[in-house]
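Q: Sequence:
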Amino acid sequence: MISKIEEIKINNKIETTITFTEEMVDKFAQITNDHHPLHVNRVFALENGFNNKIVHGMFISSVCVSIIVNQLIGENMIIISQNFKYNSPVLVNEEVHIICEILKIEQRFKIVEIKYKIKQKNVVACTGKINIKLRQYL
Numbered sequence: 088m089i090s091k092i093e094e095i096k097i098n099n100k101i102e103t104t105i106t107f108t109e110e111m112v113d114k115f116a117q118i119t120n121d122h123h124p125l126h127v128n129r130v131f132a133l134e135n136g137f138n139n140k141i142v143h144g145m146f147i148s149s150v151c152v153s154i155i156v157n158q159l160i161g162e163n164m165i166i167i168s169q170n171f172k173y174n175s176p177v178l179v180n181e182e183v184h185i186i187c188e189i190l191k192i193e194q195r196f197k198i199v200e201i202k203y204k205i206k207q208k209n210v211v212a213c214t215g216k217i218n219i220k221l222r223q224y225l
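Take 88 as the starting number for the sequence shown in our numbering and just add one per residue.
Please note that a few of the clues may not be correct.
[What the hints assert, rightly or not] Restricting the straight-line Cα-Cα distance to at most 16 Å, the calculated cross-link-like pairs of lysine to aspartate or glutamate (EDC-like) are: (1) Lys91 <-> Glu193; (2) Lys204 <-> Glu188; (3) Lys208 <-> Glu188; (4) Lys204 <-> Glu102; (5) Lys216 <-> Glu188; (6) Lys220 <-> Glu193; (7) Lys197 <-> Glu94; (8) Lys220 <-> Glu200; (9) Lys202 <-> Glu102; (10) Lys202 <-> Glu188; (11) Lys197 <-> Glu93; (12) Lys220 <-> Glu93; (13) Lys191 <-> Glu93.
Quick caveat, the hints were computed from the structure, so don't treat them as lab data.
Construct the entire structure; sequences and hints are all you get.
A: Laid out in structure tokens, this is it:
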């Protein structure tokens, strides 16, 4: 776990893959009470132009944060802000490639900016940025 901002290096990154399974998406829908048919009803998704059910955007965002916490920075961080852009849907049961990379370190305010990109079948499905602080700098 990183304990000092000086330990964080620009361009450090983590890359991983994940498949958002039907079971995972159904559990997320139960937890959040977001039962939009595009997420939980394959027939509805197919009838509306998708090749399968689509993963909740906030589920994708949450997984990116967990990758940053568990593999890039550590649990000694607090999220200051976060944004996401959804370019195309992430489909259930298809592998995605997630890249999280340290983009910038603002020494004066001790803020670290991390960008992430989610690709499915070599198409950039989502991009985003998150600003974090280590807890001791709050």
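Q: Given the proposed pairing of Lys220 with Glu193, does the C-alpha separation stay at or below 16 Å?
A: holds (10 Å)
Q: With the threshold set at 16 Å, check whether the alpha-carbon distance from Lys220 to Glu93 stays at or below it.
A: holds (12 Å)
Q: Against the 16 Å threshold, does the CA-CA distance of Lys197 and Glu93 hold or violate the hint?
A: Satisfied, since the Cα-Cα distance of roughly 10 Å is no more than 16 Å.
Q: With a cut-off of 16 Å on the C-alpha distance, tell me whether Lys191 and Glu93 pass.
A: At roughly 12 Å apart (the allowed maximum being 16 Å), Glu93 and Lys191 satisfy the hint.
Q: With the threshold set at 16 Å, check whether the alpha-carbon distance from Lys216 to Glu188 stays at or below it.
A: holds (9 Å)
Q: For the pair we were handed, Lys202 and Glu102, check the Cα-Cα distance against 16 Å.
A: holds (12 Å)
Q: Compare the distance between the alpha carbons of Lys204 and Glu188 with 16 Å, and conclude whether the hinted pair is satisfied.
A: holds (9 Å)
Q: Is it true that the CA of Lys220 sits at most 16 Å from the CA of Glu200?
A: OK: Lys220 and Glu200 at ~9 Å, within 16 Å.
Q: Is it true that the CA of Lys197 sits at most 16 Å from the CA of Glu94?
A: The given pair, whose Cα atoms are some 12 Å apart, holds under the 16 Å limit.
Q: Starting from Lys202, check that the Cα of Glu188 is at most 16 Å away, please.
A: holds (5 Å)
Q: Holds or violated: Lys204 with Glu102, Cα cutoff 16 Å?
A: Within the cut-off at roughly 10 Å; holds.
Q: Hinted pair, alpha-carbon criterion (16 Å max): Lys208, Glu188. Please report holds or violated.
A: This hinted pair is violated, its Cα atoms lying about 20 Å apart.
In summary, the structure is inconsistent with hint 3 from the numbered list given earlier, while agreeing with all the others.
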